[in-house]
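Let's have the full structure, built from the sequences with the hints guiding it.
Protein chains: 2
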Amino acid sequence: MGGDYAPDIVVAGVDRTLVKYPNVRFLLFGDQAKLQPLLAQYPKVAEVSEVVHTDQAVAMSDKPSEAVRRGRKTSMWMTVDAVRQGNADAAVSAGNTGALMAMAKVQLKTMPGISRPAIAGLWPTTRGESIVLDLGANLECDEKQLVDFAILGESFARVELGLEKPTVGLLNIGEEELKGHDEIREAARILRENVPEMNFIGFVEGNDIGTGKADVVVADGFSGNIALKTAEGTARQFADYLRSALGRTIWGRLGAFIAQGAFKALKMKMDPRSANGGVFLGLNGLVVKSHGGTDAIGFASALEVAIDMASSDFAARAHERLAALAFHEAERPVGEMPTPGTDDIQVAEL
Amino acid sequence: MGGDYAPDIVVAGVDRTLVKYPNVRFLLFGDQAKLQPLLAQYPKVAEVSEVVHTDQAVAMSDKPSEAVRRGRKTSMWMTVDAVRQGNADAAVSAGNTGALMAMAKVQLKTMPGISRPAIAGLWPTTRGESIVLDLGANLECDEKQLVDFAILGESFARVELGLEKPTVGLLNIGEEELKGHDEIREAARILRENVPEMNFIGFVEGNDIGTGKADVVVADGFSGNIALKTAEGTARQFADYLRSALGRTIWGRLGAFIAQGAFKALKMKMDPRSANGGVFLGLNGLVVKSHGGTDAIGFASALEVAIDMASSDFAARAHERLAALAFHEAERPVGEMPTPGTDDIQVAEL
Chain A
2 MGGDYAPDIV VAGVDRTLVK YPNVRFLLFG DQAKLQPLLA QYPKVAEVSE
52 VVHTDQAVAM SDKPSEAVRR GRKTSMWMTV DAVRQGNADA AVSAGNTGAL
102 MAMAKVQLKT MPGISRPAIA GLWPTTRGES IVLDLGANLE CDEKQLVDFA
152 ILGESFARVE LGLEKPTVGL LNIGEEELKG HDEIREAARI LRENVPEMNF
202 IGFVEGNDIG TGKADVVVAD GFSGNIALKT AEGTARQFAD YLRSALGRTI
252 WGRLGAFIAQ GAFKALKMKM DPRSANGGVF LGLNGLVVKS HGGTDAIGFA
302 SALEVAIDMA SSDFAARAHE RLAALAFHEA ERPVGEMPTP GTDDIQVAEL
Chain B
2 MGGDYAPDIV VAGVDRTLVK YPNVRFLLFG DQAKLQPLLA QYPKVAEVSE
52 VVHTDQAVAM SDKPSEAVRR GRKTSMWMTV DAVRQGNADA AVSAGNTGAL
102 MAMAKVQLKT MPGISRPAIA GLWPTTRGES IVLDLGANLE CDEKQLVDFA
152 ILGESFARVE LGLEKPTVGL LNIGEEELKG HDEIREAARI LRENVPEMNF
202 IGFVEGNDIG TGKADVVVAD GFSGNIALKT AEGTARQFAD YLRSALGRTI
252 WGRLGAFIAQ GAFKALKMKM DPRSANGGVF LGLNGLVVKS HGGTDAIGFA
302 SALEVAIDMA SSDFAARAHE RLAALAFHEA ERPVGEMPTP GTDDIQVAEL
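Just so you know, the protein sequences line up as chains A and B, in that order.
Taking our numbering, I'd label the letters of the first sequence as residues 2 to 351.
Taking our numbering, I'd label the letters of the second sequence as residues 2 to 351.
Keep in mind the hints are simulated off the structure, nothing from the lab.
Predicted model only: the values in this text are computed from it and were never measured.
Every residue, glycine too, gets a C-beta built ideally from N, C-alpha and C.
Warning: the hint list may mix true and false statements.
[Said to hold, decoys possible] Stretches of chain B that chain A covers, calculated by requiring three or more beta carbons in the stretch to come under 8 Å of a beta carbon on chain A:
(1) 107-115
(2) 174-183
(3) 259-272
[What the hints assert, rightly or not] Keeping only pairs whose Cα atoms sit at most 30 Å apart, straight-line, the calculated DSS-like set for lysine-lysine is:
(4) B/K64 / A/K145
(5) A/K270 / B/K270
(6) A/K64 / B/K214
(7) A/K270 / B/K265
(8) B/K110 / B/K145
Encoded structure:
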């Protein structure tokens with residue numbers, strides 16, 4: 002078990018999840034000596050879990066290609082392998098993102114027609130929540146990958162946001178049709194012409210993500226990651242300003258005390274833990290990456306996304322949509338293997 | 002005169018600027034019939050200004066290449082021309098960003114060794130302010146352009162932030178040396194090996210911009226624009242949440258009333274108008290773009306950046322630094338002309 006605070010937050014996260022999902026069963030891969038005392042603390046988790054022992058774990062600093070080559074006895078590999086073998090419906094890990102992506106690709110392979118998977122996440126907006134992808138698995142994307150991601154993101158939004166016809170936008174530096182580089186304009190053309198059943202709304206800009214202008218925002222992994230982390234940083238900056246502005250005077254402190262209920266509500270609304278969980282889309286099997294530095298509440302959010310997805314028709318729907326796009330069959334390698342060397346540099350740590 | 006609220010905000014902005022800079026003189030290019038009544042309202046502005054009449058203006062929807070070809074009598078062209086002819090030390094406009102960039106390139110040409118200019122802006126951080134560039138003039142950048150932008154940004158930071166040795170970082174999706182695409186890793190290598198006098202701190206991530214980890218953050222124009230607009234959107238989102246959380250209960254409203262001084266301070270701190278002004282760096286002459294939708298306060302910020310830069314040794318310093326980089330002289334076209342067609346799609350509206 003990886004992640005900064007594993008296995009404690011994993012077991013405590015499962016415990017939280019059981020309140021809403023009492024019928025889910027868990028396979029816990031990790032060091033029995035560490036897990037047993039935790040399970041004694043959480044008897045409800047012990048009841049629905051089976052421990053599969055391994056004392057090997059992927060480190061946060063391991064290179065993805067190395068992890069794949071030498072890490073076949075690690076808890077991460079065994080977790081993904083359980084999905085491959087059909088023993089689990091989803092794998093959830095708070096460990097090394099690049100290693101998890103590399104192992105997921107090697108073991109589960111990509112869906113027919115998909116060359117590389119994307120990482121998708123929930124983004125809190127003033128209207129509710131949107132899906133943003135790719136958050137860091139693919140630094141550069143051609144038009145076909147962007148189209149794939151739009152289709153995968155749309156299917157994800159159907160499950161996670163419960164929308165029959167989610168709106169889909171491409172992240173760009175302007176809304177006009179002529180803006181942006183070739184790949185993004187070509188992706189827009191393909192979506193408009195070849196995927197007429199999609200509710201594609203064209204280009205959206207960085208400031209449109211937070212307003213929820215599109216239910217699904219599609220970007221290459223570099224821009225998507227920059228947007229995600231810039232938003233996280235700005236939210237933290239705003240919270241710091243607010244705290245220091247209120248703390249500076251006695252009236253500020255008094256006002257903050259009186260309005261403490263409102264500030265608690267604001268804190269919950271802005272809590273990044275409630276939107277935790279990067280879902281790997283485009284694989285023959287479900288893998289969810291939790292933030293490495295999260296706590297039990299955050300890990301439980303990642304588990305809930307995994308459970309929602311596992312109990313949905315996501316895969317069937319995505320398959321159907323992808324198959325309808327003729328160019329996939331002709332031009333794409335099926336289940337492409339990751340290339341060591343490039344994989345070591347391609348995936349951003351969430 | 003362009004911009005959404007010109008010429009009113011221009012004249013009112015000059016009036017504000019005169020408080021801090023009473024000795025600056027202004028050339029106002031625009032429709033005399035509209036400007037005269039405004040100048041009657043602002044006698045101090047009338048005293049230090051000369052109106053150069055034209056009734057032609059570039060529209061916000063004009064294509065840059067079209068504006069260059071047919072807009073020789075527009076206020077925007079004439080403003081940039083005044084810099085070219087040495088009649089003005091800087092041009093400031095709230096008009097169409099793409100047209101302004103195209104006109105600036107055609108008239109002023111790029112500095113020796115620079116193939117394309119960048120747009121740089123001030124970014125409020127928890128520590129103070131940082132410089133971020135490129136904000137949208139170059140969708141894709143090779144390693145040499147990123148190195149150029151680092152040098153230009155460093156010189157800008159010396160003037161605008163008053164730092165002798167500003168720290169410079171490259172925006173990336175991870176801090177490790179192996180992260181990011183080829184161009185960005187190669188730019189990091191060049192900065193480390195060939196620009197030893199620079200205080201280059203390596204890669205920074207999106208969440209590092211707001212903490213002020215680097216005084217100068219260098220990015221390609223696509224990522225830089227996405228980061229800028231995502232931060233603007235997130236700040237607005239946070240302000241909306243705060244307002245609605247406080248407005249929902251009587252205690253929230255009471256607390257907000259008591260702490261109103263603190264909220265006013267917060268509002269000023271987050272005010273995007275205080276950091277208004279995208280500076281075009283890399284040209285033989287100074288051009289500053291104000292946000293199109295700003296007011297007099299925002300336009301005054303853009304004017305102040307222009308005045309600071311015009312009264313500094315920015316150009317000399319940047320020249321010296323660029324000349325020290327041997328590869329420029331050998332491999333770069335000098336004063337490259339913009340290519341109509343590509344220019345129409347390359348510049349983001351700020």
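Quick rundown of the hints versus the structure:
1. 107-115: violated (count 0)
2. 174-183: holds (count 6)
3. 259-272: Answer holds; 10 residues pass the 8 Å Cβ test.
4. B/K64 / A/K145: 29 Å, holds
5. A/K270 / B/K270: Holds, at about 22 Å.
6. A/K64 / B/K214: 26 Å, holds
7. A/K270 / B/K265: Given pair A/K270, B/K265 holds - Cα atoms ~22 Å apart, limit 30 Å.
8. B/K110 / B/K145: 18 Å, holds
Checked against the numbered hints above, the structure breaks only hint 1 and satisfies the rest.
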